[in-house]
Amino acid sequence: MRRAAIAGAVLVLVLGFVFVVRPFVSEQRPTPASIPSPASVTKIDTVPLQRGHPVCFGDVVAEAHAERFSFRVSTPFGPTPELRVRLRGGGYDYTATIPPGLLDGQAAEAAIPAPLVDVPVEVCISSRGEPLIGLYAAVDRARSRSKAIIDGENTDKSVWFQFMEPRWHAITERLALTIDRMTVFRPGYVGRVLLWILAVLFVVGTPIAIVWAYVRALRDDGLGGAPPIDVNQRRSRWRRFVD
Amino acid sequence: MRRSRRIPLPLLAVLAVVLVEGLAWTFAVPALQGADEGAHFSYVQKVADAHDIPWRDPKLGYLEPGYPPSVSTEQQIAWLWAGLEPLRGNRAARPLWTHEDERIWARENAKLTDEDRKDGVGSRVFDNPPLYYLTAVVPYEIAGGTFFDRLYALRLYNVALLLAAVALTWLLAGELFGRRRELQTLATAAVALHPVLLDVATRVTPDVLLLTLAAAALYLMTLVVKRGPSWKLVGGLLAVVAAACFTQGRALGLIAPALFAIGLGWWRSRGSPRPGLLARIPAVVPWTAGAIVVLVVLAAYATRFDFGELAGFWSYLWQFYLPPLPGMSDPIGVSWDVENVYLNRFFGTFVQFEVAFPQDLLDAIRIAVWLGLALLVVSAWRHRRVLWERRDVVAVLLVAFVLSVLALHAAAFRSLLGNPADPVITGRYLLMLIPLFGLAVAAAVAALPGRVRGFAAGGLLGAMFLLQLSAFGLVVERFYA
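Keeping their order, the protein sequence lines are chains A and B. Numbering-wise (the working numbering), the first sequence opens with residue 3 and increments by one. Numbering-wise (the working numbering), the second sequence opens with residue 293 and increments by one.
Any given hint could turn out to be false.
Unchecked claim - A few chain B positions that, by computed beta-carbon distances, are all more than 12 angstroms from chain A:
id	residue
1	P302
2	T365
3	D419
4	G527
5	G541
6	G555
7	W610
8	M620
9	E646
10	V744
11	M756
Claimed, not checked - Simulated DEER-style distance windows between Cβ atoms:
id	chain 1	residue 1	chain 2	residue 2	range
12	B	R658	A	R194	31 to 41 angstroms
13	B	L404	A	L118	26 to 36 angstroms
14	B	G436	A	F26	36 to 46 angstroms
15	B	D655	A	S28	22 to 32 angstroms
16	A	S28	B	V626	34 to 44 angstroms
The set of hints was computed from the structure by calculation and includes no laboratory data. Built from N, CA and C at the ideal position, the CB exists for glycine as well.
Construct the complete structure from the given sequences, taking the supplied hints into account.
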């Protein structure tokens, strides 16, 4: 019976790892480098952007893997003009240009050189022409600390803004980075070592421990050994299997 | 060595599993992402820092938990500058995960004074009885330090409570199954691997203390009927039920089962009733009277003493589980039935409900549940003699389940009369009875013979681990991928 229990567990675990876990962790997904200001939850608003009146917001951290950024534009009066986005702070200074022609609701994206380290920057988005456009922004509880400022005035809105990695990644490719990220905004004792140990124990140790517990319980009950069989007694195939 | 001999090794192994899972869930999920976690933290903070127990305090206002003044300025700073509030229930958001983000938050946090920990106004959570929050003050004060040090200390406290609940499940299974280690292990493992339990239990919430006390109450109920109602046992049971009631109002549903257990234990301890009609009357009368009192109390509570609503309550209750009978009108409230509560919410929704198992997995779980129920019936028939010998324990556990669920429905209907938009009852509330889920799983497996049982149990444990891992994986993906 103990062998049967181990066989059942191993069969299910192997099938599960092959057909569920492996595809899940190896699937390529779009990978955000950091999302300083996420999209709204309940209420969408816009921040006006017109020539000569750039929209700026600070306390944005450009993560070391950030090689693209994106935000979303509202252009009810026609395609966007050329846009410039300057990221400056902590020794990092780069201005990206977004060509004209974006339509209403489209994402404005541009490549940037990845910072050497995570760096807090101020982002300034400026318009190089007409018409007046809007930048999608949050005014609900998704509003971030990076409030948009126009001509020194705080709009109390946060422009949806995120940094992306240049290509998609699987969860397994980003495991070490994910563990690092889990140490942020945690107590000091939650470090990489502890989380790695927990990860290994969870994925490997838990199934072993739980099956071992059951097998050990069978032994404690005296159900582990093979039952004595009377060879002279005629038994059906089913009986032979289940006994 | 001697120490480990006293605790059965299978139980130790399952507890180790719970510890690993609990710590993993605790540290993987960013702060304040559990249901009303900020509000529960706020309650503890009110007790610890403002030295004020806000329960039933008429001076305090009630704000929506998501409204900033409902919590302290310190927590509001964490909401905004650590990016926790934009993250809550928002699939478009990811945690702020660089150490630069920590420095930005620390810059703002450093401006706070002691007063900024005390000024939360309060939310509906302040209606909760205070026991959990009073006990949570201990880890809160021990941890000290930053907002995050204290919050994660509260989560770790809940992991400790969860370990106690799992150990109590083991003891309870021992009473039902006659110390059969195999079934005790299965029952305990089913609880230990339950994905929603781990998600809920590793947030700051009184639900964990509630389910631990409920598990203790169920265990004591079985002892009372098996060993007789000694003062020690009855006192312990009443104390535990009272403690549960001072933890969460949902525990009120345990009062009637506890009284039933005491009554049954007392009745049994007087010896078997003598044959003959007259000898039976005294026993039947109080049991019937007791049942009527319980039903009347439940009905009065559910209908807010408006017995004209009784038909509506029964219609709601019927249609929650079964298709409407001819002539039945639509039940009160939004469409919310057994599938939502017992399947989707009990097995498959996590954090702020924005993470859920895919529908095909839920369909598979539904099939497994039906199969399990069928096996439970087979098991009951197969082990009918043993079951009859332990009929008192079985009766107490069944009564506890039925009355607790009825009490949840009564509370839900009562609430629906005031606000038909909120179905109130949810799968998380059933976690209070999670030891019974574990017992049911073990009992269902016991229907199978010999090697088939071993194979099926091994497969089941493997599948439950995969469920647990899938839930954890989905939550990690939601926050970090």
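Hints, verified against the model:
With a least beta-carbon separation of about 4 angstroms from chain A, P302 of chain B fails to lie farther than 12 angstroms from that chain, contradicting its non-interface assignment. No Cβ of chain A approaches the Cβ of T365 of chain B within 12 angstroms, the least distance being about 15 angstroms, so the stated non-interface status holds. No beta-carbon of chain A comes within 12 angstroms of the beta-carbon of D419 of chain B; the shortest separation is about 22 angstroms. Taking the minimum C-beta to C-beta distance to chain A, about 33 angstroms, the non-interface status of G527 of chain B holds against the 12 angstroms cut.
At the 12 angstroms boundary, the C-beta of G541 of chain B stays outside the reach of chain A, the nearest C-beta of that chain being 28 angstroms off. Every C-beta of chain A lies more than 12 angstroms from that of G555 of chain B, the closest at about 34 angstroms, which supports listing it as non-interface. With a least beta-carbon separation of about 35 angstroms from chain A, W610 of chain B lies farther than 12 angstroms from that chain, consistent with its non-interface assignment. No beta-carbon of chain A comes within 12 angstroms of the beta-carbon of M620 of chain B; the shortest separation is about 36 angstroms.
A beta-carbon of chain A comes within 12 angstroms of the beta-carbon of E646 of chain B; the shortest separation is about 10 angstroms. With a least CB separation of 5 angstroms from chain A, V744 of chain B falls inside the 12 angstroms interface cut-off, contrary to its annotation. Under the 12 angstroms C-beta cut-off, the non-interface status given to M756 of chain B relative to chain A is violated; the minimum distance is some 8 angstroms. Range check, R658 of chain B to R194 of chain A: about 40 angstroms between beta-carbon atoms, so the 31 to 41 angstroms window is met.
The hinted range of 26 to 36 angstroms is satisfied by L404 of chain B and L118 of chain A, whose Cβ atoms lie roughly 33 angstroms apart. Against the hinted window of 36 to 46 angstroms, the Cβ-Cβ separation of G436 of chain B and F26 of chain A comes to about 39 angstroms, which satisfies the hint. Take D655 of chain B and S28 of chain A: their Cβ atoms lie about 24 angstroms apart, and the range 22 to 32 angstroms holds. Remark: the range hint 34 to 44 angstroms for S28 of chain A to V626 of chain B is upheld by a beta-carbon distance near 40 angstroms.
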